[in-house]
Amino acid sequence: QKEVEQNSGPLSVPEGAIASLNCTYSDRGSQSFFWYRQYSGKSPELIMFIYSNGDKEDGRFTAQLNKASQYVSLLIRDSQPSDSATYLCAVNRPGGGNKLTFGTGTQLKVEL
Amino acid sequence: SAVISQKPSRDICQRGTSLTIQCQVDSQVTMMFWYRQQPGQSLTLIATANQGSEATYESGFVIDKFPISRPNLTFSTLTVSNMSPEDSSIYLCSFLGQGVYEQYFGPGTRLTVT
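Protein chains in written order, with our numbering: chain E, 397 to 508; chain Y, 2 to 115.
For the record, the hints were derived by calculation from the structure and aren't laboratory data. As the structure is a computational prediction, the values presented were derived from the model and not from experiment. Watch out, some of these pointers could steer you wrong.
Computed cross-link-like contacts, DSS-like style, restricted to lysine-lysine with a CA-CA straight-line distance of at most 25 angstroms [unchecked claim]:
{"no.": "1", "chain 1": "E", "residue 1": "Lys505", "chain 2": "E", "residue 2": "Lys452"}
{"no.": "2", "chain 1": "Y", "residue 1": "Lys66", "chain 2": "E", "residue 2": "Lys505"}
{"no.": "3", "chain 1": "Y", "residue 1": "Lys8", "chain 2": "E", "residue 2": "Lys398"}
{"no.": "4", "chain 1": "E", "residue 1": "Lys505", "chain 2": "E", "residue 2": "Lys463"}
{"no.": "5", "chain 1": "E", "residue 1": "Lys463", "chain 2": "E", "residue 2": "Lys495"}
{"no.": "6", "chain 1": "E", "residue 1": "Lys438", "chain 2": "E", "residue 2": "Lys495"}
{"no.": "7", "chain 1": "Y", "residue 1": "Lys8", "chain 2": "E", "residue 2": "Lys495"}
{"no.": "8", "chain 1": "E", "residue 1": "Lys505", "chain 2": "E", "residue 2": "Lys495"}
{"no.": "9", "chain 1": "E", "residue 1": "Lys398", "chain 2": "E", "residue 2": "Lys463"}
Between the sequences and the hints, there should be enough to build the whole structure, so can you do that?
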């Protein structure tokens, strides 16, 4: 089992729809969860982080965390073509000295 | 927030040679990290670089192949030594932000080994 799993996609959504990106992790000791956006040919950009169970909203983005199910998701409301990118889920490594483990990413395509 | 830069942005190198990648942050940071991202793949951590101590390498990465320096709190270098085509990749540095575990990435160095 991979430490951080994501569906590689591509996930295609129409403009204006809600995009839902999912991530599962294997280590129950993980406490901090991150979503990075990576445009093609660019480096990852941190867009959301969440530490507590529940929802965290920032603009059009909502991160959701369920530690019991070891599941974290990212919702993007009113999706725009500019949201088309690969979204990487990252999880801290318990006892790992501030290190993160990254999933393989989900490619999102927002279609006109 | 701090700004992070890398040099070079890209390079094409001959096999058997070495390349040193520089990473500069415009403010002091405690921890810096070096990653590799191969085409179509996610990020793989190479090592953690702390000022004043030896870099800590992940399984599968060794100091002889990827020597790292961290001379001060704003700068680090990664050298890719004795390169082979398998080293063709994007190399990224990052730093630990003010929060817990948050990392911010440089623009990356795209390396092609021929």
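Evaluated hints:
1. The straight-line distance between the Cα atoms of Lys505 of chain E and Lys452 of chain E is roughly 23 angstroms, inside the 25 angstroms bound, and the hint therefore holds.
2. Between Lys66 of chain Y and Lys505 of chain E the alpha-carbon distance is near 38 angstroms, which puts this suggested pair outside the 25 angstroms criterion.
3. Distance check on the hinted pair: Lys8 of chain Y and Lys398 of chain E sit about 33 angstroms apart at the alpha-carbon level, beyond 25 angstroms; violated.
4. Between Lys505 of chain E and Lys463 of chain E the CA atoms are separated by roughly 28 angstroms; this puts the pair beyond 25 angstroms, and the hint is violated.
5. The straight-line distance between the Cα atoms of Lys463 of chain E and Lys495 of chain E is roughly 19 angstroms, inside the 25 angstroms bound, and the hint therefore holds.
6. For the given pair, Lys438 of chain E sits about 21 angstroms from Lys495 of chain E by alpha-carbon distance, which is consistent with the 25 angstroms threshold.
7. Annotation: proposed proximity of Lys8 of chain Y to Lys495 of chain E holds, straight-line Cα distance about 24 angstroms (limit 25 angstroms).
8. Of the supplied pair hints, the one linking Lys505 of chain E and Lys495 of chain E is violated, its CA atoms being roughly 29 angstroms apart against a limit of 25 angstroms.
9. Annotation: proposed proximity of Lys398 of chain E to Lys463 of chain E holds, straight-line Cα distance about 17 angstroms (limit 25 angstroms).
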